Structures are given as structure tokens and as C-alpha cells.
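A.B. asks: With these hints in hand, go ahead and build the complete structure from the sequences.
Protein chains: 2
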Amino acid sequence: MKIAVLGTGEVGRRIATRLVEVGHEVSLGSRTADNAAATQWAEETGDGASHGTFRDAAEGAAVVFNCTKGEHTMAVLEAAGAASLDGKVLIDVANPLDFSNGFPPSLTVSNTDSLAERIQRAYPNTKVVKALNTMSNPVMVNPRMLAGTHHTFLSGDHEDAKSTVRGLLESFGWASEEIVDLGGLATARGTEAFLLLWVRLYGAVGTGEFNIGIVKKAG
Amino acid sequence: MKIAVLGTGEVGRRIATRLVEVGHEVSLGSRTADNAAATQWAEETGDGASHGTFRDAAEGAAVVFNCTKGEHTMAVLEAAGAASLDGKVLIDVANPLDFSNGFPPSLTVSNTDSLAERIQRAYPNTKVVKALNTMSNPVMVNPRMLAGTHHTFLSGDHEDAKSTVRGLLESFGWASEEIVDLGGLATARGTEAFLLLWVRLYGAVGTGEFNIGIVKKAG
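Residue numbers (the numbering used here), protein chains in the order written: chain P, 1 to 219; chain F, 1 to 219.
The set of hints was computed from the structure by calculation and includes no laboratory data.
You may find that some hints are simply not true.
As the list claims (entries may be wrong) - 30 Å max Cα-Cα, derived DSS-like pairs, lysine-lysine:
| hint | chain 1 | residue 1 | chain 2 | residue 2 |
| --- | --- | --- | --- | --- |
| 1 | F | Lys88 | P | Lys216 |
| 2 | P | Lys217 | F | Lys217 |
| 3 | P | Lys69 | F | Lys216 |
| 4 | F | Lys88 | P | Lys217 |
| 5 | P | Lys88 | P | Lys216 |
| 6 | F | Lys2 | F | Lys69 |
Computed from a prediction, not measured in an experiment: that's the story for all the values here.
C.D. replies: Following this line, the structure appears as C-alpha cells:
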């Protein structure tokens, strides 16, 4: 599958690399066509890896990962252009973190709205699925690094798009029963708000290499 | 220990019963001295159980559990009175849920503040500890009902008060390593915001009888 990854930070590069590993053609999108991090990533990754502007990457892709920082997301999608996103699955990994008062961050949108819903409202012909935003990027792409069962969440209004994302997550190593469909895209209010707990857990656990698992009754 | 439980709903009665079971003298506080639920609870529970007004209950106690609905918390504490709460440990189990638009609820305070911090600001001589607010009440008092390791969180600015709460949680059956101290009371912003995810997990899991566990790397 041709997949665009928007954002050349650690999250974007980690996801892009993993997508190439599992057999996809990946274009890493950035503000400029000659972005140093994207150029280096494509050279080092080799077959299946390319790079370009946000628009270049999104235009040729069937699926688009939003791995930008939440504060830049709307501007990046505008740069990619509605036409490039039309009819496509957009996997929103971003969180609307506000570090303007330092660590821990607060959220710029929360409680009664979410970044994912904002994207969906701005791009009604795109199929937005919120996913993977509740953990650090090493865990996203290699869930088996952790010792035990843990969970990842899907939020979205388009069932076919959620199926596509589920397939990609399984290719990363997520067990089917570890992928929890929370329902419509408004449930992203829950996973984005979880970041307010995640950043404190990060402090208490002492590493970002953890995740949460749902523990049920015996039997 | 003499403990007050403010709130005669399911959470309050469940915690009050468990506290009596593990050997404490518990007074269940309500708006009026002759509250039917509190009277019935004290009669059925027997030795160690009493009831009274919010003020009656708090006055005689060393530790106070706030098990009221978040929307009533500040009024209930005002009815209990600052003098009755002075110098005491207040365990805040409440969440500032807003059901005015139906289910799932939003929060009336979140992101850059929390109900726990509001209580602490209003009662600076009380030692507020946020605890147990991230799960349903059967799990709070009987953590071993779930199949595996899962976690509960402490937030508070007073170390001695957190030690007291830790001891109570261990008496409920929480393992020491399952009780995660997140730090100061502002970390309650994280556990209260988790409710926005919890209410959606409740829908996806199909029962409230679950909790989250932190899953780390092997080794």
C-alpha cells in the first residue's frame, strides 16, 4: 500500500520505518521537498522509502498518517491540501499538547472536543481514525517489546477506515484482541485526555516504554 | 481508626462497608441526620457503623472520604464545615462529571485544574489525597476480583496523608506495588481526566468491573 507519513519527528520516522519493514511504499512528508531529516531517512531506509512535501506525500498515498505535533497539525493538513486527502484514510496519531507552561503539558482542545474531531470537521471527505496516540512511539510499532497484554484504541466514524487501521496495527504486532474499538470519532476525547494521565505516569514509571492494559474479572 | 464517609450513594456505602470489614469505626454522613439510606446501612452493617449529618460524621473522624458526586462536593464540604475538616486527611474519590448532556459525561473542571485542587484551595488546613477515582466501586474495595495486576493512583501534597491512604488501600487488598504515587495534588488533573477515557472503555468493555494496569518491558 502507498502510505504517507506527515511529520519527520521521532514519531513520524519510527512509524514510517516500520511501515516500510512490513512491506509498504512510504513517503515521508515535510514542509519542504529538501528537508534534511526526510532526505536522510529515505536514503538510510532504502527500498520503499521516499520523501517530499506534505502535498507530494499525501497525493500519491491511499492512507495518511498524521504524525505532526498537535499545534502544527491543522497547518500541515492545509499544506497537504484537501484534494490530496479526499476519500483517504487519515490516521491521527497527534495529541493537542500545550507545552507553553512547561512540563507536564496541558491540552489545547479537550473535554467536549478533540483534535481528531477538528480534523474531521475540516476535511469531511477524509476518513479520520484516531489511533496509537496513547503511548510512546517505540511501543506503537513494536507492542511485543512489553511484557504482557496491553491495549490500543480506535476512534472513528468510518468502519471501513477502522478496518484498514486495524490491519496495519496487526502488521505491527498488535494482537486482534488488543485493538479496542471505542466507537465514533468523539471517543477520541477520551484517548486524547488520557495524555493528561500519561504524562504523569511517565514521571512515576520513569520511562515512556510502558502502556496500559485493561484488566478484567477472572473467567 | 474513626473514619467519616461523606455520601450515601453506592460508592459511599461500598467504601464504608469495606472500612468496617477491615476494622474501622465508620460514620456515614448525609445531608440530614435521619437519611433513610444511611440509617439502613448503619442498621444492616451493625458494629462499627454509625451515621449522621456531614458535620456529625466529619467531626468525630481522623480521616474523611469524599464519596459525593462531584457536582455536590463543595456544598457537602461546606455543610461539614472547615472546623470539622481541619488537620484531617480527606480522600477525594469524587469526579467532576457533567451529565447535563447525557452519557458520556464531560468534566466541569479539567485540563489545567481539578476538583481535588479546588478542595485543597478551599480547605488549606486539610490534607487532600486524590485516590480510587479511576475505577468502579466494586474494584476500589476488592481489587483482587480482577484477574491480574492493575493499578491505583495517589495524588497529594502531604506525604504523611498519602502514607495513611496507602495503608487503607493495602487493607482493601491492593498490593504495595499496585499503588502508584503520581506526586503532588496537581497530578489529579491526570486521574480525573482519565474519566473521559474510562466512560468510553466502560462502553467498549461492556462492564465497569475492569481496571487498567501499567505494562512495562520484560526483565
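A.B. asks: Each hint: holds or not?
C.D. replies: Hints, one by one, checked against the model:
At most 30 Å may separate the alpha-carbon atoms for a hinted pair to count; Lys88 (chain F) and Lys216 (chain P) exceed this at roughly 35 Å. As the CA atoms of Lys217 (chain P) and Lys217 (chain F) are separated by approximately 24 Å, the hinted pair is consistent with the 30 Å bound. Taken as a hint, the Lys69 (chain P) and Lys216 (chain F) pair is honoured in the structure, with Cα atoms around 25 Å apart against an allowance of 30 Å. Distance check on the hinted pair: Lys88 (chain F) and Lys217 (chain P) sit about 35 Å apart at the alpha-carbon level, beyond 30 Å; violated.
About 36 Å separates the Cα atoms of Lys88 (chain P) and Lys216 (chain P), which puts this hinted pair outside 30 Å; it is violated. About 23 Å separates the Cα atoms of Lys2 (chain F) and Lys69 (chain F), which keeps this hinted pair within 30 Å; it holds.
Taken one by one, the earlier hints fail for this structure at numbers 1, 4 and 5, listed in ascending order.
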